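For the record, the sequence lines run as chains Y and D. So that you can map any letter, position 280 of the first sequence is 279 in numbering that gives the first Met the number 0, and since no number is skipped, the others follow by simple counting. So that you can map any letter, position 74 of the second sequence is 73 in numbering that gives the first Met the number 0, and since no number is skipped, the others follow by simple counting.
Take every hint as true, because none was put in to throw you off.
Straight-line distance between alpha carbons at most 20 Å, and here's what the computed SDA-like set of lysine to any residue pairs gives: (1) Y:K98 <-> D:R107; (2) Y:K96 <-> D:D184; (3) Y:K82 <-> D:I284; (4) Y:K98 <-> D:I284; (5) Y:K34 <-> D:L106; (6) Y:K96 <-> D:E181; (7) Y:K171 <-> Y:L158.
If you want the footprint, here are the derived chain D segments under chain Y, 3+ residues with CB under 8 Å: (8) 106-112; (9) 121-129; (10) 235-247.
Since the hints were derived computationally from the structure, they do not count as laboratory data. None of these values were measured; they are calculated from a predicted model. Glycine is no exception: its CB is placed at the ideal position from the N, C-alpha and C atoms.
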Amino acid sequence: MTFGLVAQTFVNGINIGAMYGLIAVGLSLTFGVMKILNVAHGEFLMVGGYMAFWLFTLFDIDPLLGLPLIGIALFLLGAICYKLLFSGLARFHEETKVKNTLLVSFGLFLIFPQVARWLWTGDERAITPVYSGESFPILGVRCGYVPLAGLLVAVVVILALHLLLTKTYFGKSIRATTENWKSAKLMGINVDRTYLITFALGAALAGLAGVLVGMTQSVAPDMGMQWTLKALIVLVLAGIGSIGGAFFAGLILGVVEAVSANLPYIGPYTVALGLVIFLLILMLRPQGLFGKEG
Amino acid sequence: MSNWKHLSVSGGIIVLLILVPLIFTRTDILTFFFLTLLYITLSQSWNILGGYTGQINLGHAAFFGAGALAARYIWLHFGLPLPLAILGGGLAATIFAMIIGFPAFRLRGIYFVIGTLVLAEILRLVFYTILPRADVMPMRLLGAYSLIPRYYLSLLIALLTVAAVYWISRSRLGLGLMSIREDEDAAEASGVDTQRYKLLAFAISTFLTGLAGGIYAYYSAAFRAGGLFEPVWTFDAVIIVFVGGVGTILGPVIGSVFFVLLKQFLSLYLPGGIHVAVFGVLFIIVVLFLPGGLVELITRFRKRTSGGSIQIDS
Numbered sequence: 000m001t002f003g004l005v006a007q008t009f010v011n012g013i014n015i016g017a018m019y020g021l022i023a024v025g026l027s028l029t030f031g032v033m034k035i036l037n038v039a040h041g042e043f044l045m046v047g048g049y050m051a052f053w054l055f056t057l058f059d060i061d062p063l064l065g066l067p068l069i070g071i072a073l074f075l076l077g078a079i080c081y082k083l084l085f086s087g088l089a090r091f092h093e094e095t096k097v098k099n100t101l102l103v104s105f106g107l108f109l110i111f112p113q114v115a116r117w118l119w120t121g122d123e124r125a126i127t128p129v130y131s132g133e134s135f136p137i138l139g140v141r142c143g144y145v146p147l148a149g150l151l152v153a154v155v156v157i158l159a160l161h162l163l164l165t166k167t168y169f170g171k172s173i174r175a176t177t178e179n180w181k182s183a184k185l186m187g188i189n190v191d192r193t194y195l196i197t198f199a200l201g202a203a204l205a206g207l208a209g210v211l212v213g214m215t216q217s218v219a220p221d222m223g224m225q226w227t228l229k230a231l232i233v234l235v236l237a238g239i240g241s242i243g244g245a246f247f248a249g250l251i252l253g254v255v256e257a258v259s260a261n262l263p264y265i266g267p268y269t270v271a272l273g274l275v276i277f278l279l280i281l282m283l284r285p286q287g288l289f290g291k292e293g
Numbered sequence: 000m001s002n003w004k005h006l007s008v009s010g011g012i013i014v015l016l017i018l019v020p021l022i023f024t025r026t027d028i029l030t031f032f033f034l035t036l037l038y039i040t041l042s043q044s045w046n047i048l049g050g051y052t053g054q055i056n057l058g059h060a061a062f063f064g065a066g067a068l069a070a071r072y073i074w075l076h077f078g079l080p081l082p083l084a085i086l087g088g089g090l091a092a093t094i095f096a097m098i099i100g101f102p103a104f105r106l107r108g109i110y111f112v113i114g115t116l117v118l119a120e121i122l123r124l125v126f127y128t129i130l131p132r133a134d135v136m137p138m139r140l141l142g143a144y145s146l147i148p149r150y151y152l153s154l155l156i157a158l159l160t161v162a163a164v165y166w167i168s169r170s171r172l173g174l175g176l177m178s179i180r181e182d183e184d185a186a187e188a189s190g191v192d193t194q195r196y197k198l199l200a201f202a203i204s205t206f207l208t209g210l211a212g213g214i215y216a217y218y219s220a221a222f223r224a225g226g227l228f229e230p231v232w233t234f235d236a237v238i239i240v241f242v243g244g245v246g247t248i249l250g251p252v253i254g255s256v257f258f259v260l261l262k263q264f265l266s267l268y269l270p271g272g273i274h275v276a277v278f279g280v281l282f283i284i285v286v287l288f289l290p291g292g293l294v295e296l297i298t299r300f301r302k303r304t305s306g307g308s309i310q311i312d313s
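Pulled out of the complex, with its shape left as it was, chain D reads as follows (with noise of 0.2 Å):
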């Protein structure tokens, strides 16, 4: 596909999703729409580390649950404006993801799984001690609730999470990452300074999860604060980037698509939390018989039915 035809698709999909709001008014659907967008950043940010990096982070929720709460008492206990609460989200996140990235780094390959496993389970416990009350949004806020200019703040982080991404997969820090994920010996030795390429991308990940984070504190009416920190924040995005396609651009975004969609499918059918089990056959599938995922699988169909001469993935 020509870079033309690649612009005017991804833009025509970006008016489309601006006209959501005016075309549907069902909460429901809306709901649907800014759902998936938010999984989009989760799981396209996870994706900068796990898919492009190679580092498994299985403490995603950490900084989803520190962005999430600091843009919450930003925004509500210190009553200072939204976008300033947001962005103060993501710099939560991050600032915390440096001061643990240093130590965490020091340990490679499945110890650094193990050990973020145990960070983001670590502050769940914490939170669920030392905040132990429902944090709910105050009544005039609530009275005001409205989803549109959720949805379009959300539209506009996932737009900025999968730029950013995009950005990276053509740069020379991309270049740098994904050589650290082939060989991290190699890399170190052909000059790639590993520590930092890896805090790099560590800090651009934990940015954009706690943007993500700053979206949920802005919409949810009621949390608790340890739930913010529960493991399903990860799970969810490990499970949506390696179906949709680890270490992609379209792998996240599509795997956003099908996970929210295929969620809402199975809740009518089977009994609740099924879709977790299915999805969790849909996860060995794919990490035993098709590592590309859902965008493997789409561009061999394309190649077999058009002669091959379509990339999707870039």
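Excised from the complex, chain Y in its bound form (with noise of 0.2 Å):
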């Protein structure tokens, strides 16, 4: 019994974690490589969330085949909002730069629930294709079609992206780019294209880990802001720009609030305490779990 109780909460954990890494690799790729801490990050998830109920309910295409699309939908996105609001910004003085890009996503954060509460109204929307609810046993835990699917999503975007990055030339561009944009661009690195396909990118990465929530739990037009600080929360455990870190990292929070929701007294505070962590890694620990000293 208390196996089962401690087992079923590791593999849930696991899940909504690979969820969270899902979503925070977005977020550290943008911030990483071109310094903009995107906090429409969450909103980018509710409108691939959205897509995907749209896909479901309107052409009956299985959200999870419908993946590929949201991705190419949102990569569009991205990029229209990088090309039309983030790229003048690109040439400034780094500080200014990330000062102002905040400003902007922040913009961006205000426009995108209303929009998406005139589209699709205020109402909280599942996704639930027919085996939605149906899960089976390994040694006593009930494991979920769903939440493992995600998994399965979650770790084979984590890898293609890892992989993109280390072995592809565009991948090597975007690493060069990270370490200085400005030898990047003496070594003939078109910086302003890859500068926009990462953010293109961001946004995609996000709008599939929204098909994921939308599936798993609901998606209602002012989630987004609580998806960005679950991101950042991930984010600042890995260490900004670390791919695989983040992807842990989310593996932990996942884990740790699915205890601490199980626990007496701290269950009610257990999104307050993902905060918590959060504030105090930023203060004593600001290069994360994973990343590298100074």
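Reconstruct the complex from the two isolated chains, following the hints.
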């Protein structure tokens, strides 16, 4: 009985943690590469969730099959946002750039939920294909199909991103731009294009995560900030720019939340607990758990 | 504009504001004026830290909420006189700010921004859980409820806030704060005690926010404790300051009038909440193309019409 509860808690925590990792990876990418802290990251997630909802209810497309479509759509949305709003700021001195891009994304954060409320009303929506409630037992632990699929999707996407960054020429240009964009430019890398694609990739990753959130929980117009905060917690846990770290930090946060939700007294404060961890790490170990010194 | 003209214009406006409750008896108009003044306090106090010192504090709601909650408890639940309660609200916000100020200002730039955002979010979640029930004014007070004393109190504190910012902008303290905004390292190197200056700005800013919270505690018939810490209190202040003109005295004042007017106006014609999106668009336009906000727009316009001898921002 106790073993079952503990194991079940861990499985649930890992499932949700993989999703956290996926969300944080996108944020980490845009912040690590371009020093844009996109507080509208959760809004892209919300849009992705609603698109999956539309695909499912209007065209009867399974959300998991719709993933590539949503990835492409969000990629385009991210590219448009970047081109219209952020590209002009990329040239500024670093401190000004960080501040102004943050403010612009804050503006987006104000706009998106209202447009979503207008398009999809304020109701909470969930994407529920026929298999959504079903699960299978392993060693007395119930393992749902949907969370498992979410875990798989997260792992596959993060691995693919890792390979893209380490094995391809384009990934190399992203890493070069991260280290020093001026030198990268001198070496003939098209920095503007790299920025554009990186930002769009970040949005696409958020959109994919949105589909998983829509399937395992629900989507609502105001959900964005809550998920941006989750991504931020994972981001500082992992240390900025660390892709693998973000995934493992997501798992840690997922398990910590799942465990603390079962504890007496702490239970109701689970969400606040994650934020307290965030503040402590920010004060005591700003480079993150997996980050390098200095 | 000469100093005398300045003085007589602001004096005239103050006299008109004092006369408002005598001219208008409709509660909706009085509420409009009350809210504008409350927003002036809220945004002007944010301006001290965010505009003059360049520290974007996304946790403004934490101090507003702390002030409101403290004032409400002192006034209603401990039964002390109202002025004491509102002062207590301001002090509570400042004390809280000083406790978290030392660790918070270790964070620089973007980390300060997200750190303060998360702080307010923690308080919101905690207060929704430990004080889940609505805090309602007792019947005897609701029966005698009148907007007029609330309006005058709000006017008094808004004037106090604007005066405080005026004083700061002309003092040595203001110069120090602006030097931190322009370049913190250079300020430190030229002998500005940046940590002390930032804490001082933080203390003044949060004290005034706490007073605004105190007025809200006096105004609101019923609220849930967590709702006082909702990020919207921060975001409204940030929008007002940037749209009005960040780092100016007039900016938050013009911004507040504009914000409350446009909010009322838009909610007549558009579906609820869409005014926030309109302000989001305005906000982005200001950040990208008009860093001085409405104040800069007015200055430009007047320069064009009168040959350019006017300076509004001081």
